[in-house]
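Residue-level listing of the chains:
Protein chains: 2
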Amino acid sequence: MGGDHGTSVTVPAALDFLGRQPDARVVLVGLPDMVEAELGRLSARRDDRLLLQAASEVVAMDEPPAQALRGKRDSSMRVAIDLVKDGRADACVSAGNTGALMATARFVLKMLSGIERPAIASFMPTLRGRTCMLDLGANVDCSAEHLLQFGVMGSCLVSAVAHMERPSVGLLNVGEEEIKGNEVVKRAAELLRDSGLNFFGNIEGTDIYRGTTDVIVCDGFVGNVALKTSEGLAQMLAQYLREEFNRNLFSMLCGFIALPVIKRFRHRIDHRRYNGASLLGLKGVVVKSHGSADSYAFGFAIDRAYEEVRHDMLSKIGDRMSSLGQKAA
Amino acid sequence: MGGDHGTSVTVPAALDFLGRQPDARVVLVGLPDMVEAELGRLSARRDDRLLLQAASEVVAMDEPPAQALRGKRDSSMRVAIDLVKDGRADACVSAGNTGALMATARFVLKMLSGIERPAIASFMPTLRGRTCMLDLGANVDCSAEHLLQFGVMGSCLVSAVAHMERPSVGLLNVGEEEIKGNEVVKRAAELLRDSGLNFFGNIEGTDIYRGTTDVIVCDGFVGNVALKTSEGLAQMLAQYLREEFNRNLFSMLCGFIALPVIKRFRHRIDHRRYNGASLLGLKGVVVKSHGSADSYAFGFAIDRAYEEVRHDMLSKIGDRMSSLGQKAA
Chain A
205 MGGDHGTSVT
215 VPAALDFLGR
225 QPDARVVLVG
235 LPDMVEAELG
245 RLSARRDDRL
255 LLQAASEVVA
265 MDEPPAQALR
275 GKRDSSMRVA
285 IDLVKDGRAD
295 ACVSAGNTGA
305 LMATARFVLK
315 MLSGIERPAI
325 ASFMPTLRGR
335 TCMLDLGANV
345 DCSAEHLLQF
355 GVMGSCLVSA
365 VAHMERPSVG
375 LLNVGEEEIK
385 GNEVVKRAAE
395 LLRDSGLNFF
405 GNIEGTDIYR
415 GTTDVIVCDG
425 FVGNVALKTS
435 EGLAQMLAQY
445 LREEFNRNLF
455 SMLCGFIALP
465 VIKRFRHRID
475 HRRYNGASLL
485 GLKGVVVKSH
495 GSADSYAFGF
505 AIDRAYEEVR
515 HDMLSKIGDR
525 MSSLGQKAA
Chain B
205 MGGDHGTSVT
215 VPAALDFLGR
225 QPDARVVLVG
235 LPDMVEAELG
245 RLSARRDDRL
255 LLQAASEVVA
265 MDEPPAQALR
275 GKRDSSMRVA
285 IDLVKDGRAD
295 ACVSAGNTGA
305 LMATARFVLK
315 MLSGIERPAI
325 ASFMPTLRGR
335 TCMLDLGANV
345 DCSAEHLLQF
355 GVMGSCLVSA
365 VAHMERPSVG
375 LLNVGEEEIK
385 GNEVVKRAAE
395 LLRDSGLNFF
405 GNIEGTDIYR
415 GTTDVIVCDG
425 FVGNVALKTS
435 EGLAQMLAQY
445 LREEFNRNLF
455 SMLCGFIALP
465 VIKRFRHRID
475 HRRYNGASLL
485 GLKGVVVKSH
495 GSADSYAFGF
505 AIDRAYEEVR
515 HDMLSKIGDR
525 MSSLGQKAA
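Heads up: the sequence lines are chains A and B, in that order. Each position in the first sequence, counted from 1, maps to that position plus 204 in the working numbering. Each position in the second sequence, counted from 1, maps to that position plus 204 in the working numbering.
Derived from the structure by calculation, the hints contain no laboratory data. Among the clues, some could well be false.
Not the full set, but computed from the structure, chain B residues with beta-carbon under 10 Å of chain A [unchecked claim]:
no., residue
1, 344
2, 376
3, 378
4, 388
5, 424
6, 428
7, 429
8, 432
9, 444
10, 445
11, 447
12, 448
13, 451
14, 455
15, 461
16, 468
Ideal Cβ positions, reconstructed from N, Cα and C, are used throughout, including at glycine.
Isolated chain A, as found in the complex:
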């Protein structure tokens, strides 16, 4: 039902998506009255490319995941994931409660063979383009084997959505030297070095936005802190810049004159263009949009899901995991 803003975000984004991708179909899952009302408002009609699947419940944004999973079997979230499970949809995109989405997806879809933990992966802007970082918060305690699996999944995601043959994989650490880091990270570096992935080695926090590697592997605690620290710093800098340009008449005039430049700058770092976190490791494609996304941002999350399906990310992960398993055997 679309996170903080509901169908007023998801339905227009779905219609735009159908316009962009003539071979795609969308199933809108939710309270029929609300979805129909939004379709009516936009003068859109259901047809064979735009279907509606009714759900009678909605998971609240702050609802405990276990409660949503056990208590709301006809929630829009659950119904959408069931569609993926039953093969009636190729992917589920949701702006809802992250914990509930992860718990429900894991319960219904199950994990891919060889993957022990699901991970949350997202793209971030860099000086060279973008990088894919995982895990961003699904796992607060990871073993070296989990980090290896994250490397495999991140690499397959980038292969699928950025069309790269052998994306480089970096392991987030406190220094580049092999002796740095804790025991888990040191062991993960060994596993990644022997994995057949294009393993770059250790990278540091500064390397994230430098774009040193295409994929960045870290445990969910570290990844979550790095992501949220970045959000906080960006907010502070934006606030400072706003304050300086609003300080007096002269600086306001400067801001007005420089507006086209500032707008281009803003566009380059517009976080909406990076919206969409992939829930990886599941037997199905699930993409989580930011809860506060607008329809422009939500469109990027749909596009992500589309690319993952179109370029068969799940098979890529499966193939890579089975070749790793054979190596180990």
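Please build the complex by placing chain B on the supplied structure of chain A, with the hints as guidance.
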């Protein structure tokens, strides 16, 4: 001998400091020829407030800490720390090799009673002023007890240098709720809650730059990643802004007109004003300047050391640790 730039940074900064603080004295430690040459260049003379202590060796910036510790007993770093140990100096400020400084300081000065691990603490700008974060990389594996000790030390540091009676202490986590995080962090929250410190509770990465708390406690792996991620993001944003203002003649003109505004913005986030990482937990005050600091930045590191001594941070930590010990007993 002053990090990447040597005496051309440290000596002028020391002279400026003596001008600012009429009750202070400085001992310059290093190769006498180089120090004398710099003093000569600045037409400064040694007197009872500006002393020189000769050292015959210098620790290289990339030298392994163990090698520096064992092999260079007459390095400027070692001699300076020996002065603190012998009570002939109150503090040591260095822009040299961080690992070697930490290893040498720990070996020579020993740890304060009750503190098991030294920590690196630094101040960062926030929307409300500044916050003190630790550990920033001395410890990649921390127990809950270590995090508690970091809380005590950070709190005493802020009391001393920012003159706050009861600074608030936040525990960096992946969510604000008590159930969030790994076992170490959950246990650390319990210890901090019972510590008598002004414990705020869990905070997230976004809270760092919001200035939610005066002190932020985290393990060195997470702290190091958060700090370096911030550096990388700031560099990327600065680069983007530069590129946009240099895109064409019009945008260059905009940049020229807005220069006073941009300069004020830059001043507010000038990292040189936050230079100086305190090595805490030792029986002595040791402050590490960034290796690439200029003399303006190095001055802030000297000021930090001065404030820690003047407001007797070491006794504050000692008192707080012994009251914690009595509580536990």
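These are the hints, each one checked on the structure:
1. Interface restraint check: residue 344(B) against chain A, minimum CB-CB distance 4 Å, threshold 10 Å, status holds.
2. Evaluation of the residue 376(B) hint against chain A yields a held restraint, the C-beta minimum of about 6 Å falling below 10 Å.
3. Taken as an interface hint, residue 378(B) checks out: its beta carbon lies about 4 Å from the nearest beta carbon of chain A, inside 10 Å.
4. Hint on residue 388(B) holds. Least Cβ distance to chain A is approximately 9 Å, under the 10 Å limit.
5. With its C-beta approaching chain A no nearer than about 7 Å, residue 424(B) sits inside the 10 Å limit, and its interface hint holds.
6. Taking 10 Å as the C-beta contact cut-off toward chain A, the hint placing residue 428(B) at the interface holds, the least distance being around 4 Å.
7. At a threshold of 10 Å, the smallest CB-CB gap from residue 429(B) to chain A is about 4 Å, leaving the interface hint in force.
8. A least Cβ separation of about 3 Å between residue 432(B) and chain A falls short of the 10 Å threshold, and the interface hint therefore holds.
9. With a least beta-carbon distance of about 5 Å to chain A, the hint placing residue 444(B) at the interface is held under the 10 Å criterion.
10. A cut of 10 Å between beta carbons decides the hint on residue 445(B): the least distance to chain A is about 6 Å, and the hint holds.
11. With its C-beta approaching chain A no nearer than about 9 Å, residue 447(B) sits inside the 10 Å limit, and its interface hint holds.
12. With 10 Å as the threshold, the beta carbon of residue 448(B) comes within range of chain A, its nearest partner Cβ sitting at about 5 Å, so the hint holds.
13. The interface hint given for residue 451(B) holds, since its Cβ lies 7 Å from the closest Cβ of chain A, which is under the 10 Å cut-off.
14. Using the Cβ-Cβ criterion of 10 Å, the hint placing residue 455(B) at the interface with chain A is satisfied: the shortest such distance is roughly 5 Å.
15. The criterion of a C-beta within 10 Å of any C-beta in chain A is met by residue 461(B), whose closest approach is roughly 6 Å, and the hint holds.
16. Because the closest C-beta pair between residue 468(B) and chain A is about 5 Å apart, less than 10 Å, the hint holds.
Of the numbered hints given earlier, the model fails none.
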